[in-house]
Structures are given as structure tokens and as C-alpha cells.
Amino acid sequence: MLTAENLGISFVTRMGTNKAVDGISFTVEAGKITAIIGESGSGKSVACYSLLGLIPQPPGRIDSGRALFQGQDLLQLTEAQLRETRGRDIAMVFQDPMTCLNPYMTVGNQLMEPLRYHKKVSKAQARERALELLEEVGIRDPASTIDNYPHQFSGGMRQRVMIAMALINEPKLLIADEPTTALDVTIQAQILELLAALQKKRNIGILFISHDLAVVADIADTIVVMQEGKIIETGNRDDIFRHAQQPYTQKLLQAIPTGGKSEVLQKSEPLLSIRNLSTWFRQGKTHVKAVDDVSFEIRRGEVLGLVGESGSGKSTIGRSILRLVPITSGEVIFDGTDITALAARELKNMRSRLQIIFQDPFASLNPRMTVFDTLAEPLLLHGLDNRSNVGASVLKLMDDVGLARSFVRKYPHEFSGGQRQRIAIGRALATRPEFVVADEPVSALDVTIQAQILDLMRELGKEYSLTTLFISHDLAVVRKLADRIVVLQKGKIVEQAGTSELFEHPRQPYTRQLLQSIPGRVLRANAT
Amino acid sequence: MATPVIANIVEAEEGTSLWQDAWLRLSRNRLALFGLAVLVLFILIATLTPWIAPYSYTQHNLDLGATPPSAAHWLGTDIFGRDMLTQVMYGGRISLAVGFIATAVALVIGITWGAIAGYAGGRIDAVMMRMVDIIYALPFMIFIVLLMVVFGRNMLLLFLAIGAVEWLTMARIMRSQVQSLRQQEFVEAAISLGLSPATIVRRHLIPNALGPIIVYTTLTIPSVMLLEAFLSFLGLGVQPPQTSWGLLISYGAESMEEYPWLLLYPGIAMTLTLFSLNFLGDGLRDALDVRGAKD
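Quick mapping for you: the protein sequence lines, in order, are chains A and B. So the first sequence is numbered by numbering that gives the first Met the number 0: it starts at 0 and just counts up by one. So the second sequence is numbered by numbering that gives the first Met the number 0: it starts at 0 and just counts up by one.
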């Protein structure tokens with residue numbers, strides 16, 4: 000149905016010309032899902048956006064190729080013809096449902112807009128059609144929610160609205176650009192199911208862009224693997240997963256976290272006890288109970304996984320322990336001391352013993368400080384080194400986290416995401432803390448980098464004899480690292496158990512639901 | 000990547016800081032470089048004026064009167080027979096000094112005030128920013144006139160008075176910058192390292208907030224110079240025999256029809272400076288804009 004041949008796109012910037020897509024060819028068949036897989040910067044989105052003329056030119060430039068869709072070359076269409084095609088024959092679902100809906104328009108009006116633009120229908124007919132579609136994409140009681148504004152919907156519901164919007168003109172091809180990346184794992188599972196069902200029912204072709212092989216594993220018919228603007232492997236799903244030819248594809252497959260760690264349930268005494276911790280945020284006259292009367296313990300030397308969807312309060316617990324947010328009530332006992340009761344000076348000394356690693360390595364480093372400054376700061380602050388010998392400690396730290404020593408005077412913007420996360424880990428470990436909160440440390444990274452950072456954290460955990468609170472929404476990742484897992488929902492603990500016990504015998508329905516939502520069921524079935 | 004193992008940080012290759020990166024981009028902007036060059040030249044002349052001025056600025060020659068530009072007086076003379084080139088040079092000294100010193104005063108107060116308010120947040124922030132709002136609401140001219148009446152006309156006072164008004168916007172910009180920066184994780188990381196609030200503001204917040212401040216500064220200097228010109232024009236600013244571009248323009252305007260050069264040359268000097276500052280400001284804004292930094 001769609002055939003792209005020898006597609007080449009480059010971006011011309013002041014820094015020179017950058018070939019984003021380099022002579023790729025692929026097809027999408029009616030009634031089939033073709034997935035394009037690649038890490039960020041591999042050109043997968045650029046390739047698909049160019050089909051709809053959504054590449055700004057300049058700086059973008061289409062160098063070569065054609066994209067045949069129903070006998071027309073999409074790349075040759077005029078802007079007016081493209082507008083006709085967009086939204087009518089080819090529709091698009093974007094990554095972030097939070098920003099892709101106009102906050103000042105009701106959902107119903109936004110749904111009706113493309114329909115009324117492309118087909119001359121009356122307002123009443125359009126509304127009826129919108130209601131039907133909302134029903135079809137699984138919005139409960141569409142009649143009463145159609146006139147709501149986007150902020151009244153949750154992320155998953157908004158993504159459903161986006162899908163309804165894409166489908167309203169009965170397109171033949173749907174391009175979905177990471178449609179589930181911004182969503183929680185349970186919601187992700189629902190959206191994937193919805194897409195697969197709609198595709199069967201309507202017999203449309205879907206071009207599914209993703210960085211996550213596991214997500215694609217469950218729904219794609221054909222998989223196209225891209226790296227640095229080129230297609231390195233194409234094949235149907237089972238071929239790719241069973242007999243991937245290219246080393247890069249194999250590397251991607253290996254990076255999918257499967258299996259768990261061989262846990263040792265230590266009987267050591269607790270290093271950190273959290274007792275009846277509540278952290279509420281004021282919102283107008285009421286409170287949002289982000290953390291609501293939570294108690295658990297972390298034993299010395301163990302990795303405790305803290306799992307929950309966004310809004311479950313897992314990050315707030317991590318920040319509450321470190322007193323980065325004021326708590327409402329409760330105690331945090333670290334090695335016999337209640338951290339919540341410490342005065343400023345005592346707290347400063349305590350801080351060298353508890354550290355945190357953040358999610359976003361682009362935001363967690365001061366852009367105006369070199370690696371040296373960043374790593375030396377904690378050492379000098381806590382008097383572990385003086386100006387004359389801090390250099391040696393910094394270099395040792397860089398060795399530990401696997402950064403080349405020659406980078407010591409570079410600035411954060413000169414590093415990749417994975418390297419930055421290594422710097423951030425180095426900073427957290429500089430004071431040789433006993434306890435580290437790792438707040439989604441790998442969820443902003445590409446899968447292959449994810450695997451490297453997780454390995455690094457495991458090694459360093461041993462070397463520094465760390466106790467870790469590992470916060471993540473991704474159960475597969477947690478499984479690789481954690482000894483025990485605490486499952487959180489809406490600020491309360493649902494279940495806590497040893498990792499393998501939790502995975503094999505989940506007791507609570509919510510835990511079961513979480514486990515079933517982990518993408519890549521097909522992969523796991525193959526593995527066993 | 001083969002990288003040699005090094006034992007000393009000095010051996011390592013130096014990285015490009017964001018400042019260096021911005022300078023690199025600025026140096027490709029010809030208009031901004033032109034502005035910078037003109038400014039440097041004017042500042043140089045202003046500093047060296049007492050030594051290089053062709054005449055003394057108090058030297059009258061009433062017999063000569065106003066003459067058009069000639070070999071002896073390149074820019075002509077005014078009605079008292081004073082050399083215009085000398086006048087423009089001395090006037091530039093005052094104008095530039097007012098522009099830069101008053102802006103520096105505004106910068107120091109504004110950055111400190113805004114950074115503290117933004118970082119502290121809550122009630123402290125509310126009180127500090129309401130004070131800014133109140134001062135904003137005072138009619139500026141009345142404020143200056145009152146100061147002049149009470150304390151007499153005084154150069155230093157002029158600097159302070161202008162600086163005291165211009166810092167308000169600086170404080171607001173700084174506050175909003177700091178407010179958005181303190182949400183960033185590197186600030187939380189600094190807190191969890193145990194850094195004191197003062198260190199966090201100084202080391203982590205201010206350097207990151209300076210971009211927009213620098214741009215605004217280059218736009219403040221011209222507005223301060225215009226303010227001085229305006230006050231001098233009204234007779235509230237610099238008083239003779241000291242002079243400034245504003246004062247020269249004001250005198251020149253009175254006799255514009257008979258002696259146009261009295262208006263023309265100080266006007267050109269002032270305009271050139273203002274243009275240069277604006278070009279430089281535009282260039283800096285483009286150079287410091289993070290969005291364009293590494294694409």
C-alpha cells in the first residue's frame with residue numbers, strides 16, 4: 000500500500016550537512032503493522048514525517064527517493080495536495096498526548112475539526128460520528144465527556160482521543176510515532192491492544208515507530224531496524240526475534256531486560272526504616288496525598304525496587320527520604336537516626352551518606368560546570384579532599400563509572416545521555432554514601448545504553464557496598480536489579496515481596512495487572 | 000575511541016564551555032562584532048579623552064563664536080567658541096559612564112534581589128516582589144526631580160537614581176529564571192550533596208541564569224543613556240561646564256537652524272552607540288539562545 004524507495008533526507012545546519020536518512024526502502028501493507036525500530040537519532044521519525052511533508056524545509060532537504068501511496072508519489076505532492084492527503088488517507092498519532100491536543104478546545108470540537116475539513120458533513124452528523132468513535136476507542140460514556148477539555152482526561156484517555164481523531168476520516172494508513180512511550184505500562188498495554196484491534200477491524204496499514212523492541216514484539220508483523228539513517232535489517236517478526244542476522248539487532252534484543260537477578264535475601268538488619276510516612280501537597284484548599292501512610296524497611300546491602308505508575312508517589316518517597324520535599328508526618332530512621340528531625344548542620348553531614356541519582360541526565364548536571372567541577376564539588380564540600388589532591392580522586396571516580404579520563408575538563412553538553420548518567424552516578428558516589436536513591440535512572444536512555452548503565456549500577460553496588468532504593472515504572476528493569484520489590488498505587492503500598500516471589504506468585508490483582516502489562520510477552524514465550 | 004590514560008587533569012583536553020560556544024557563534028555575527036568594535040573604540044576614546052582631546056573643555060573663545068567644521072576644529076565650534084570635538088569626547092565620557100555605571104548598579108541589585116526571591120520562594124518571595132511592584136508604580140520623573148531637589152544636582156546621585164529604577168526589571172527576569180532553574184534536577188542534586196543555599200545560588204543558579212540578563216543589560220545601557228539625555232534635556236541631569244551627549248543635543252536643538260553641526264555630531268555619536276549596543280544585544284541573544292546551541 001505504501002512503498003518507500005531509496006528515501007534520503009538531510010539537514011543543513013551551520014555545523015554542516017547531516018544525513019538523517021540515508022537511502023532507505025520499506026513497505027507497509029494493508030492490514031499489517033510495520034514497525035520501524037531504532038535508537039534516538041537513528042532517523043526513524045524523520046523518515047516517517049517526510050511522508051506527510053512534515054519536515055521543515057529548510058533546514059531539512061529531501062535528497063532522493065519516492066514514496067508511492069495509492070499510485071501517487073507523496074514526496075512530489077504540492078502543499079495543497081498534501082493537506083488533502085493528511086488526515087484523510089494518512090493519519091498520524093503522536094508520542095505525547097499531553098501536548099498534542101489543544102487545551103482550549105473541547106475534545107469533541109477537536110475530533111470534529113478534521114472530519115468537517117475533509118468531508119462536507121453537518122455539525123450534527125460530525126458529532127454523531129465523533130461519539131461513535133470515542134465509544135470505539137474505549138472512552139466510557141462519550142456522550143457526557145465529549146464536551147470536556149483535554150485536561151479533564153488522563154494521559155491514556157487522551158491518547159485514545161488522539162487515536163479517534165486519527166481514525167475519524169477512515170484513513171488507509173496510520174503512522175504512530177512512539178504512541179505509548181509517554182504512557183504508564185498498564186495503559187501502554189491497553190493502547191497497544193486497541194491499536195491491534197482497530198487495525199484488524201478496519202484493515203488499515205500501520206507504520207509504528209518505536210525505540211522499544213519489546214513493545215513492538217507483541218503487535219508488529221514486519222520489523223525494520225534502523226541505525227544511523229540506514230536500514231540494517233528487515234524481516235517479519237518471528238525471523239527477527241529468532242534469527243536476527245545483524246549484530247546490532249542482536250544487541251538490541253539482548254538489551255531487552257528479561258529474567259531476574261539471582262537474589263540473595265539477606266537477613267541483615269535494616270539500614271533504613273520508613274515509618275508511617277505521609278507527604279501531602281497542598282492544592283487549593285485540599286491536599287493531594289502523594290504518599291499516604293507508607294512503612295517499609297530497606298536492609299543493609301539490598302536493592303529494593305519501588306514500583307508504581309506515574310502519580311503513585313514513588314518519586315516523592317525517594318525525595319522525602321532525602322528531605323528534598325517537606326514531609327507531612329512520619330519518620331525516616333537511617334542507621335538509628337531520624338532524618339526528618341535533623342537540624343540543618345547535622346543534616347549536612349548526614350547528606351554525604353545518602354545520595355540520589357536522577358532520571359534525566361540532561362537536567363541533573365549543571366551545564367556550566369566541567370566534569371571535574373561536578374565531581375570535585377561534593378569531595379571538597381565534605382572535606383574528603385583538599386584542592387591539591389582532589390584531582391586524583393576525581394580521576395579514580397571517573398575510572399569507576401567507566402568514563403575516559405581525558406573527558407575530565409569537558410562540559411555536560413559534549414556528552415551523550417549515557418555518559419551524562421555516568422557522570423551523575425559518579426557525583427552521587429563521590430562521598431562514598433551508604434545509601435542511594437536511584438529515581439528512574441535509566442528510563443530516559445536508549446535500550447542498549449540502559450543495559451550498560453544497569454550493569455554499571457550492579458557492579459558499583461557491590462564495589463561500594465551500597466544499599467539502593469531503585470525507583471522505576473518499568474518492572475522488567477527492576478527485576479534485573481532488585482532483591483525485593485514494593486508495589487505502590489496511589490500513594491499506598493499494595494504489595495511487597497522478594498523479586499522472584501512477586502513475579503511468580505503475585506498476590507494482589509493490581510500487581511498481576513502490572514505484570515501482565517510488561518511488553519514483550521511473545522519474546523518471553525520464545526525464551527522459555 | 001583510543002584515549003590515552005592520563006594521571007593529571009591538566010593533561011586532559013579542554014572542553015568547550017557554553018560561554019566559549021556562545022562567543023564562537025557571536026564571532027560569526029558581523030553586525031554584532033561591528034557593534035562590539037564601535038563600543039570598544041568609544042570606550043577607549045572616552046577613557047583617554049583628557050590626554051587626547053585637542054582642546055580643553057573649559058576653553059572659551061567668544062571672539063570665534065560658532066564656526067562650521069574646519070581644519071583647526073574638525074567638528075566646528077559652538078556659540079562660545081568651544082571646540083565641538085572636545086565637547087563630544089567629554090560628553091561621551093559622561094554619557095557612557097552613566098550608561099555603564101548605572102547599569103552595573105542595576106545589575107548587582109537586580110541579580111541579588113531576584114535570585115534571593117526566586118530561590119527562597121513562598122512568603123519571602125511575595126514580600127520582595129511586592130516591594131518591586133510598589134517601586135515600579137512610583138512615577139519615575141517625580142522620583143528623580145524630588146531627589147534632585149532634596150540632594151542637589153550631583154553626578155553620583157544621578158547614577159544611583161537611574162540604577163535604582165532600572166534594577167526592577169532585572170530582578171524580575173532573574174527571579175523567573177531562578178524559579179524555573181530551581182525545579183531542575185541539578186539543583187536538587189546540589190541540595191542532596193549538602194551545599195548551602197548561598198552556594199547553590201552562587202555556583203549553580205546565577206551562572207545559568209545570566210544569559211537573558213546579559214542580553215537585557217545590553218538593552219538597558221541604551222535606555223539608561225537615553226534617560227540621562229532626557230533628564231539633561233530637561234535641565235535635571237548634568238550641569239555645565241560638564242557636559243553629556245544629551246546636554247549637547249539639547250543645546251544643538253536650540254540653534255538647529257543656524258548651526259546644524261551642533262546637533263548633528265553629538266547626535267551621530269549617540270545614535271551610533273545606541274545602534275551598536277542593540278546590534279550587540281541581538282547578537283548575544285542569538286548566541287546565548289540554548290535552543291540553537293547544539294542542534
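Do not take every clue at face value.
[As the list claims (entries may be wrong)] One side only, chain B facing chain A, incomplete, derived with CB under 10 Å: (1) E12; (2) T15; (3) L17; (4) W18; (5) D20; (6) V104; (7) I115; (8) L146; (9) S191; (10) P206; (11) N277; (12) D281.
Keep in mind the hints are simulated off the structure, nothing from the lab. Beta carbons are placed, not taken as given, at the ideal position from N, Cα and C, and that holds for glycine.
Hints and how they fare:
no.	hint	result
1	E12	holds (6 Å)
2	T15	holds (7 Å)
3	L17	holds (6 Å)
4	W18	holds (8 Å)
5	D20	holds (8 Å)
6	V104	violated (25 Å)
7	I115	violated (18 Å)
8	L146	violated (39 Å)
9	S191	holds (5 Å)
10	P206	holds (5 Å)
11	N277	violated (23 Å)
12	D281	violated (17 Å)
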